[in-house]
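J.: We have chain A; now place chain B onto it with these hints.
This is what each chain is made of:
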Amino acid sequence: MSILNDIPILSFILFSPLLGIVVLLALPHNRSNWMKKTVVVATLIPLVLSFWLYSEYDKQQDGSVFDEQQSWADIPLNKETQAAVPSEFKFTLQYELGVDGLSLPLLLLTTIVAAMASLAVIQVKKRWKAFFIWFLLLEIGILGVFLARDLFLFFILFEITLIAMYFLIGIWGYFNRERAANQFLIYNGIGSAIMLIAFVILVNTAGFRMDQIGDQVSFLYSGSYSNIFHNLADSGAWVNLAPEQMGTVNPFLMTHTMQWTLFILLLVAFGIKLPIFPFHTWMLKVHTEAPTAIVMVHSGLLLKMGAYGLLRFGLLLFPEQARAFAIPLAALGVINLLYGALLALRQQEFKLVLAYSSISHMGIVLLGLAAMNEIGLQGAVFQLVSHGLVSALLFLVVGSIYERTGTTDLRELGGLARSMPFVSGVLLTAGLASLGLPGLSGFIGEFLSLLGLFESQRWLSVAAAVGIILTAVYMLRAVLKITFGLQREDYTALKDARLIEAIPMIVLLAFIVLLGCFPSVLTDTTQLGIDGLLDQLLATRAGG
Amino acid sequence: MLKEVPFVPLTWTDMLYLAPEFLLAAVFVLLILLDLLMPRRITRLTIGWLTLAGIAGSLLLVVLRMVDMNQGGVSGEAIQLLGNSYRVDDFGSLLKIMFLAGTALVTLLALGSVRDDEAITARAEYFYLLLPALIGAMMMASSGNLVTLYIGLELLSLTSYILVGLKRKSSLSAEAAFKYVVTGGISSAMLLFGMSYLYGITGTVDLGGIAEALPAALTDFKALAYVGFFFIIAGFGIKVAAAPFHAWAPDVYQGAPTPISTFLAVIAKGAAFAALFRIIYSTLLTLRDEHAIVADDIWLALLVLAAAAMLAGAMAALRQKNAKRLLALSGVVNTGYMLVPIGLSLSVVHSSNFSEFVYYFIAYLFMTIGAFAVVSAVSRASGNDELRSFAGMYYRAPWTAAAMVVFVLSLAGLPVTGGFFGKLFILLGAANAKAYWLVVIIVASSVISYYFYFGFVRQMFMRSGSDEERIRVPVETGIVIWVCAAATIALGLFPGPIMEWIDVVFSLQSDLMMLG
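Protein chains in written order, with our numbering: chain A, 54 to 597; chain B, 328 to 843.
Note that these hints are calculated values from the structure, not bench results.
The reader is advised that the hints may include incorrect statements.
Unchecked claim - Using 30 Å as the maximum straight-line C-alpha spacing, the simulated BS3-like pairs for lysine-lysine come out as follows:
id	chain 1	residue 1	chain 2	residue 2
1	A	Lys89	A	Lys178
2	A	Lys179	A	Lys90
3	B	Lys761	B	Lys549
4	A	Lys179	B	Lys648
5	A	Lys548	A	Lys182
6	A	Lys132	B	Lys761
Chain A extracted, bound-state conformation:
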């Protein structure tokens, strides 16, 4: 074990897709089969590594041994205006990676979904090389978002997913791809711009630190997450000192208003990504226009980045505000849940049913977060992982159906169970997982989230339960229409799934069943992350 500790395993996971990119660049344009193999291998490496990490993590009960920290760049700042000249005054950019119980399940989810999506890229028909390169860059970005422990590193990797997605939707999407890509860019651009404002203010206040070694005094601004986390929680840190305690002025003070502003900024920034109700229109377009592999990654992983960001930066850095905002947050969750479910009920386009269903399921995540207790948070994380697997599987099936029938319109599809029994079976199971059938993963996530919410806000959880019923209605309506229902004549000759399509379906299904039957595989790990979080929440409650 000690030898393995010296290996920067997180960096390996983060950068292993880069290997694939290098190989791809070297391959000639017409070797599409080699390229496909390269992509699959390049996504399998981080998958294997993250499995190993997951198993090791459980044994150790503490993820900090894996943390990596390197100085990326030290930006010296001019200190000529300072009265007592410090020996150093700088802004440090850190290359800092880490995992804990919250990010590890999402990291594993990323590598699983990315690897399965890489098998679905066989449906791409043109410009393979560029597609595969952007795809792997997208994976690096997502992995990095879950691994980064420095605000700016997080931001940079977040933006890389934005750029990669823009290209992937705009070039390889369906008919309205350009509009979808533009809308994606502008909405998410606004989201990350708001995030950047919040981060810049955070670094300038809570990110300030004074180090003293002997008589070497150094002042530094740092985007290090742990630094900001501790400063905000420490009542003696500069960021929390009133001006009177400092002498005259405290340029680093974060007032109560500022804390609230930052919390709201972060909520909106990640709310767009999640998406929370009024900010959701962009993701409908992406869901309908993006190619199969990309929509798997988008629905399965990118939406999770929003929830993760909200949890990591909104709730963990500002627990006091989060607690005070719990009821509005839960209300937003209920709105998402009901709005998504009601609109899903009305759609004729299956992809839109799934898109609205994603909105609805993200509402459950919000409910879990708003519960502000251990069970609720467990539920939220569980729901994230479960929805990632289920929606990736659903879109994979949609891709296969579209490839054969050329449509995803519910009015035209029907009776596929006869000609495509395997695909239909998978679709049915995935639909059942999505509506929360016990024994499949969706159930545990919804159950835990609502249970948590029931403890803290009883009435809202009753309203939420209505949404769960609606989920069953719209999901069964759509899935049953496709699998059973009247069969069109030209669909009788459709071929069932090829092996390369069946493998990712089986793998994803296996994980869904595994989590449904043995939820502790996931919850034990999440528990480790949540313990720390709850300490923090309880401490603020005790403090004021």
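T.: Here is chain B on its own, set in the frame of chain A:
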């Protein structure tokens, strides 16, 4: 109040300090003669290469001087020539390095594009007139008094008026030259008017002298001081194309030969920034107590100008269909970003305005020249510089398209590029100075700008062009593109070394403030 002005002769040592400028002037004179004497059958591209050599020599001299001045990792004292009317200091030298490197790239770009450009008949002038313009820019960065500054400015402006109109067979070029002469003239007039007020209330044209006399002058002539400063800011506002003084930029950039547009966008703009930076910081920083309010007002005016440039530029660019006009408006937005560090003033926790400015300027230099180089290659192939002519570049020139993506990302301020860190440092500075409203405007304008910058990407990767023929990129243009792309990425991956270097060589006290 007027002091007798002593006559200061130029000594041999002074000449050595001025060697970079003198070398350029010598090469300039030599090239005029060579153009006259050289037989017609020898291609005028030779003059271009000689111009490039002259610039490289001058660059070497500036670097050597800088190394000499900063031995032992300590910022050296500024060298004052001719009664402090010309200063050789790290502020000036850093910017001169940028101007020289920028002009070298522009010359190379001109070498690549002129070969089959029928519209440019005066090929020798096309190259050697860059030299006096460059000398003017260097004088502006080094000037320690208003008169030197004005002479530098006029030298730069007059030569660039000619350069803009060099495409004699194009009516757009003539129109551009005319517009540039008129607006340039207005700008010079405003500057002179403002300067005359400053001279009037302080009795001196020396920047250090103005700083000394200003507090006393303000008690009696506060309103006149405001008029003076506002006119100077407006004058430079035209030169750097800050809104609402930016309307000339799209027309002029569109009409001028592409390398000359690049020169205007980068070097001419940078020189105006350098002069503005020096005037503002030398005169205003020393104001204390009741006069500090005046300084704050002027700084606020600069910030308002910056905000207006960012928003107006970004809005105007949204509907732009011409690549060169688009880049001109993008230049307006970037002017806004670069005005922020100048207008933020200093505070106890924030005084690294200069390094923020320089880092962004370096990033701006490479990404703008690179983008213009790509435009020049594309318009050479298609015969026009509409955005539409970028269509299908993925098929026609995949590597050039990839380089353009780098420039677009950098201009939009997205990682991993120099433009990202440049903008990040400016943002951090603004937040440090508690100018949160400005943080919001900077970020908002960059989101708006995503839309039009990605217009290039849309054309290159998502549309198919009218012809599928490969775009041939001339070797010189290719070199410019790849140098700029490599530099842009390097600035985005390793922002540390340059910032450390600036921190070591530059000192507010000895390089910018002229008191004491």
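J.: Against this structure, judge whether each hint is valid.
T.: The hints, checked one at a time:
Taking the CA atoms of Lys89 (chain A) and Lys178 (chain A), the gap is about 12 Å. The hint holds against a cut of 30 Å. Straight-line distance between C-alpha atoms of Lys179 (chain A) and Lys90 (chain A) comes to about 16 Å, which keeps the hinted pair within the 30 Å bound. Straight-line distance between C-alpha atoms of Lys761 (chain B) and Lys549 (chain B) comes to about 27 Å, which keeps the hinted pair within the 30 Å bound. Note on Lys179 (chain A) and Lys648 (chain B): the hinted pairing holds, with a Cα-Cα distance of about 28 Å set against a maximum of 30 Å.
Only pairs whose Cα atoms come within 30 Å are accepted, and Lys548 (chain A) paired with Lys182 (chain A) is accepted, the gap being roughly 28 Å. For the hint pairing Lys132 (chain A) with Lys761 (chain B), the CA-to-CA distance comes to about 18 Å; that is within 30 Å, so the pair holds.
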